[in-house]
Each structure stands twice: as structure tokens, then as C-alpha cells.
Amino acid sequence: MRFALSEDQTLLQDSLSRTLADLSPLERVRRFADENQAAAPDIWAGLSELGLPGLLVPEEYGGLGLGLVEAALAAEALGRVVAPTPFLGSAVLAPLALMLAGTDEQKSRWLPKLASGEAIAGVAISEPIAGARENAGVAAANGRVTGTALFALDTAGADLLIVADRTGGLHLTQLAHSAEPMPSIDATRPLCQLTFSDTPAEPLASNQALERLRDAAWVMLAADTLGAAQSMLDKAVAYAKERKQFGRTIGSFQAVKHLCAEMAAELEPARALVWYAAYAFDKAPDEAPLMAAHAKAHLSEIGRFVARTSTEVHGGIGMTDLLGLHYWFKRIGQNRQLLGGPERVRETAARLQGLIA
Amino acid sequence: MDLTLTPELTAFRDEVRAFLAAHADQHEGGAPKDPKAWQKLLIDNGYAARTIPKAYGGYGAEPDILKSRIIAEAFIEANAPRGMAGQGISMLVPTLLEVGSEEQKTRWIGPTLRGEIIWCQGYSEPGAGSDLANLQTKAVEDGDDFLISGSKIWTSTAMQAQMIFCLVRTEPKAAKHEGISYILFPMSTPGIEVRPLKSMTGQAEFNEVFFTDVRVPKANVVGGRGRGWFVANTTLKHERGMLGDPNATEARLKSLIELMRRETVDGQRIIDNPIFRDRLMQLQARVLSMKFNGLRTMTDDTAGLARMVVKLQGCELNHQVAALAIDALGELGILYHDGPHLRAKGNWQRNYMFDLGLIIGGGTAQIQKNIISERGLGMPREPKVVEA
Numbered sequence: 070m071r072f073a074l075s076e077d078q079t080l081l082q083d084s085l086s087r088t089l090a091d092l093s094p095l096e097r098v099r100r101f102a103d104e105n106q107a108a109a110p111d112i113w114a115g116l117s118e119l120g121l122p123g124l125l126v127p128e129e130y131g132g133l134g135l136g137l138v139e140a141a142l143a144a145e146a147l148g149r150v151v152a153p154t155p156f157l158g159s160a161v162l163a164p165l166a167l168m169l170a171g172t173d174e175q176k177s178r179w180l181p182k183l184a185s186g187e188a189i190a191g192v193a194i195s196e197p198i199a200g201a202r203e204n205a206g207v208a209a210a211n212g213r214v215t216g217t218a219l220f221a222l223d224t225a226g227a228d229l230l231i232v233a234d235r236t237g238g239l240h241l242t243q244l245a246h247s248a249e250p251m252p253s254i255d256a257t258r259p260l261c262q263l264t265f266s267d268t269p270a271e272p273l274a275s276n277q278a279l280e281r282l283r284d285a286a287w288v289m290l291a292a293d294t295l296g297a298a299q300s301m302l303d304k305a306v307a308y309a310k311e312r313k314q315f316g317r318t319i320g321s322f323q324a325v326k327h328l329c330a331e332m333a334a335e336l337e338p339a340r341a342l343v344w345y346a347a348y349a350f351d352k353a354p355d356e357a358p359l360m361a362a363h364a365k366a367h368l369s370e371i372g373r374f375v376a377r378t379s380t381e382v383h384g385g386i387g388m389t390d391l392l393g394l395h396y397w398f399k400r401i402g403q404n405r406q407l408l409g410g411p412e413r414v415r416e417t418a419a420r421l422q423g424l425i426a
Numbered sequence: 543m544d545l546t547l548t549p550e551l552t553a554f555r556d557e558v559r560a561f562l563a564a565h566a567d568q569h570e571g572g573a574p575k576d577p578k579a580w581q582k583l584l585i586d587n588g589y590a591a592r593t594i595p596k597a598y599g600g601y602g603a604e605p606d607i608l609k610s611r612i613i614a615e616a617f618i619e620a621n622a623p624r625g626m627a628g629q630g631i632s633m634l635v636p637t638l639l640e641v642g643s644e645e646q647k648t649r650w651i652g653p654t655l656r657g658e659i660i661w662c663q664g665y666s667e668p669g670a671g672s673d674l675a676n677l678q679t680k681a682v683e684d685g686d687d688f689l690i691s692g693s694k695i696w697t698s699t700a701m702q703a704q705m706i707f708c709l710v711r712t713e714p715k716a717a718k719h720e721g722i723s724y725i726l727f728p729m730s731t732p733g734i735e736v737r738p739l740k741s742m743t744g745q746a747e748f749n750e751v752f753f754t755d756v757r758v759p760k761a762n763v764v765g766g767r768g769r770g771w772f773v774a775n776t777t778l779k780h781e782r783g784m785l786g787d788p789n790a791t792e793a794r795l796k797s798l799i800e801l802m803r804r805e806t807v808d809g810q811r812i813i814d815n816p817i818f819r820d821r822l823m824q825l826q827a828r829v830l831s832m833k834f835n836g837l838r839t840m841t842d843d844t845a846g847l848a849r850m851v852v853k854l855q856g857c858e859l860n861h862q863v864a865a866l867a868i869d870a871l872g873e874l875g876i877l878y879h880d881g882p883h884l885r886a887k888g889n890w891q892r893n894y895m896f897d898l899g900l901i902i903g904g905g906t907a908q909i910q911k912n913i914i915s916e917r918g919l920g921m922p923r924e925p926k927v928v929e930a
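If you read the sequences in order, they're chains A and B. In terms of our numbering, the first sequence is residues 70 to 426. In terms of our numbering, the second sequence is residues 543 to 930.
Looking at chain A on its own, in the form it has when it is part of the complex:
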């Protein structure tokens, strides 16, 4: 037994971090956000060279055939640099949906293209997971879908869409009647409102698949927050070691260094929870839903604490657009609400253990 990353996993983490430092520096993220770009094909192309889009896709379909632990490490690395990529939809949720519920023909048609990065997949599963707002939701009948899906992920330039209907059934479609941007706090991951009007859609086979998608998405959002929060802690520590007031570096004041210690003390055990949740998804399916729920809810709480505390350690400069710390703050804020805020997710955690009558 070993609760630690393997050599291969550490290598993956290192090569991703190095590549992302070049592909997605703060200036690139800022340009993406300021120009309201919907997609950053340059970044995705660079990551495709490493095989990132095909991380979870089986080797027979041209992917790397790795598991959710590796995907969590990737999500963490992306969160660290707040990279604008369609990783969650295109590399995690859509391939999983196809692998769990697709026919051989659907898999052959889409998995190789997704794995190479040639095709992008958007995912609209918010309503059956986070609950429907403003009567949104999609109804399906006779190979067609109708209705509205809010908070759709990674739809920009998407070649296919995975859509969940109100009852949790999954559908594969290639176009929506309309796609309206939903501007959010986090400009690094654009969201969309999709409208379907008697739109042709192929049903995917199993209803259970949505639960697995939910678990995977929760672990990915938790891992993304882990990376973003780690980055915010690192930045706070670096700033506190540099900034001088009263003739000393502010990091020598206990009032400041204790804030940093509190962030580290919250984050470090949370890392083990994220790793375990990802591991359970791959190897211990009975435990996976509960662990995914706890990882999502807990990292939402820890993330919020680190985001505000790191900003505070930076003082006034932490609030400025110039410093750019806010991209991390907002990324963490978006992860918290996406696909269910912590209160809702914890209700699921309780239900999964039979703690709700």
C-alpha cells in the first residue's frame, strides 16, 4: 500500500506544469479574459501534444487510458495557472459519458477525435445535478431534445454536446438551436445557455452514467480549486517574504505568517482528500460518490478561505486588476457554485450514507 503519487504520476504533473507555464502565463489568461475570448485553441493545441485531451480515453481509441487520479493531477495543474481550457467537458465528462453509455459506433466515431484534440465536446448537465433554475431543463422524446440548459461547459467551438435531460438521461447532439454566453465572475471558463427546439439527439444508453459524471465533475472541480488555492497560498507567502513595512518583511509578523500557516494547514490535508476521492472513483466505486461529494464541498470551503485570506495578505494590491490575483479568486468562486454549492452537495453526502430519513 502506498498513499503517494507514483513516479509516472509525478512525471505527468511536472511535464504539465512546465508546459502550462509556457502556454498559459498570466498575460495569456489576461488577454483571454479582457477580450472575452470563448476559447484558447493555442493552449489546447499545446496540451494536445502532451495527450491531455485523451488522458481518460482508452488506448484502443487513441488515448492514454489513464484514470481519474491522473485527471485530478491535470485539473490541479490547470487550476494552478487558471488556464482557459475545455478540459472538464472535452477531456473528462464527454469521454466518460461515451465510455459509460455510448455504443461501440458512438465511441469509434467520437473518442479518437476527442483524444487527439481535433474535436471539442461541450457538456450541459447542470439541471439534474445542481437543480433547475428558472424552469430550465431539457425534455427528450423520440430522438429529439427540447428545452433550455443553463451553465453548459466548454461549448465554444464544440463539435458535439453531451446533454442531460430532466430525468438524468444523457443525449449526444451536434448542435443546439442557440447558444447564449452567460457572463460569470470567472472569465477563464466561459459558460453558456443552450436552447434546444426539437433538436435531433442520440440517446446514450444508461441512466447510471450521470451519477458517475457527477462524481468525476465534483472531483475535477475540487482538484481545480486545490491547484488554484495552492497557487494563492504560494503567492501570499512569496509576497509576505518580500513586502516590507515598519522596517521588516511583513512575513515576520505573526499576524501575517499565521494566516499563511492556517492556509497551509487547511490545504495540505485537503490534498489527501482529493487524491483519495479520485482514487476511489477508479478503484473503490462503492466509496466514490461519498468521497467525491466531500471533496467538492470541502474544497469549496477551504478554497473560499484561502482565496480571501491570500488576497488579504497581499493588502490593497491584492484587490487590483494589475496584480491579477483576482483570476484565482474568481476561479475558486466559480468552482464552488458550479454543479452544486457545498450545502447542496453535503445533502447528497448525507443521503449517500442513509442519514436522511
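Calculated from the structure, these hints are not laboratory results. Hints should not be assumed to be uniformly reliable.
What the hints assert, rightly or not - Simulated restraints, written as ranges between beta carbons of each label pair: (1) A:Thr-172 x B:Glu-550: 41 to 47 Å; (2) A:Glu-311 x B:Asp-687: 50 to 56 Å; (3) A:Gly-393 x B:Lys-926: 35 to 41 Å.
Here the structure is a predicted model, which means the values were calculated and not measured. We put the CB at the ideal spot given by N, CA and C, even for glycine.
With chain A's structure known, arrange chain B on it following the hints.
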């Protein structure tokens, strides 16, 4: 990440479970019927004093953290009491193994392990708490002996203890950290007075100990004269690991969940109240984090920071679990001492109060944060105050 057990470890787990099943009649309600006999049985089978060499009265196994964990889990599962864990066994024995002389190891470790000698720890003083190295209890040379005078505080089990391991200042002219020695002596030595120190729990978990010209042979120093600070730090490391033990927290959370499923208000179970349920789930996520963090610290070389946060986070979490239990009990939660309505013998309230002592003791939360930020995050130390 590979959390599967090898066939060897699976067989080992079966062996531990079989042992526990065969001896289930020797304990009741989580406590052994005959503590010394139970301790001997555990040592003989390798479930206590496991890695301590046979020559010193241990079982003599190679250190194996996974086997240790399997033993810990099997004991929790069977609600079986672990081996004795007083300050002698948890702190003195590892220290002697690391820095004791051959004579000291042979003389003290065996009887300590068997529960024949109870020890207390003489570290803190009224003027030396977080700043432990400021301790003033002095040991003055007198021939082959020291004459020890001064006082200690927060000394657990001083009333029962036959022996004390104690920090005293033997080199008054040396620098603060270099004038201290770690010394052992009997509590029956003339000149020692113990006064119980009643705490907010209503019990005297701690004592004050006063020394007046207590005569102790110089040969009783462990690890060399003037080396006491460094010797003590090896012990503190063991203490901090013990204080944040995630297995204990997990067991406590289990009791809390049972409590919330069982207790009712106006006929509604506490667990069916969404506010309490939400608080429970928040704590459960924390308990799981600390559990996996614990697994990681055992097998991951990159887990330095993960190890450093255990005392701070674990003690706080224990306190929070007790706090939720009290809140969940509502007005019943304030009952204490005895009475027909009292739950769990008042343990939730007692733990809630006593845990505060554990947050403070063994290096306060603030000292832990200094350690995390300075050693873990590489932040600068507080500048020394220059005396005018």
C-alpha cells in the same frame, strides 16, 4: 497511489483479527479487565511495544507502518483497548531508545512497558510555557549528585507516578538552550511535593510539582549534560504525533453520528435537522481529510508539511466534534457530573473542555503556526527583542 493490501498484509490482518476474536473476553467496554495481563498479552503477540527490541522487553519487530496501521484499525473495529500509553511508554521509551545509555535502556524500558513504572513529565514551569527553554528549575552540583530546586506545572499523573523525566538547568552559565539536562529520578525522593491542579473539567488532570534540594545522582542524566533541550525535542515530536491521532478523531465522529441518529427533539431525530446534518457533514469531510492525510504521512516522502499540520488540525477537530455533540444535545448538552438525563457520562462536555488543554499543551496552536510558517513555508522568524 495503490491502496490495496498485499497478500502478506491481508494475512497479517486476518491474524490480528483472529487474535482479537480469541481474546474478546479479556476486555469490557473498551477497557481491559486486568490491565497488566492485557499489556503482557499484547507485547507477547506484537500488538504493543512492537518495534522495541526484545532485549529491552519489547516484541522486537522491524518497524512497519502499514502493519502498525492494520493493528490500529483492527483494534478500533473490535473495540479492543490498545496497549498502555502513558507518558513513560509514549515519550520516555522512544527517547531512551534514541539517546539513552545501555544501562538506562536495560533498567527502565522493560518495567515501563509492562506497566510496573508510571512516569510523569517535568517540562513546563510557571515561567516557561511556550518558551520552554526559559526553564529555571536548577540543578546544583554536589559531589556525584545534583541538588534540584524549583517547580513544574501541568504535570499529568504526578500523583500516581513512581518516576519523573525532568528538564533542569545544570549549566547556569551556558546559553538558554545549552544549559538544560534531561534527568530521571524517583518521585519518592525527599524534597518533592505534588499538588493537584484542578482544571475547568472539575478534575485534577494536572499537578504542580515543587522541588527543594532534591538529591539526584549525575548518572541519571539522559543524553549528556547540557543536551536536554535536544533530547526533549525528540520526545515532543512523539507527543505531537499522538495528540493529533486521526484514528481517535474518527472513533469520536462515529460516536457523534450514533448520538445524532439516536437522540430526538419533539420526536424528530437530530440527524433529520438539516442544520445539524450540514454541520456533521462539514466535520466528516475534515475527519476524512485528516485520515487520508495520516495515510499519506506514513508512505509519502513529500509529506513534510502534511506531517507538520497534524497537531494543529487534529486537536481543533476533536474540539469541534465535541462542540457539535453538545449543540446537538441542546439543553441536555449542559448536563454534567451525574443524573438520570446525563448522556455518555458527561464525556462530551468533559472532552470539549479538556480538548482546549490539548490545543494549548504540547506546543500551542500559535506555536504550531510558527512551526508551519517558518519550517514549512520558509517564512522569516519573529525578530528577537533587543534588551535595552
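A quick look at each hint next to the structure:
At roughly 44 Å, the beta-carbon separation of A:Thr-172 and B:Glu-550 lies within the given 41 to 47 Å, and the hint holds. Remark: the range hint 50 to 56 Å for A:Glu-311 to B:Asp-687 is upheld by a beta-carbon distance near 55 Å. For the pair A:Gly-393 and B:Lys-926, the beta carbons lie near 37 Å from each other, so the given range of 35 to 41 Å is met.
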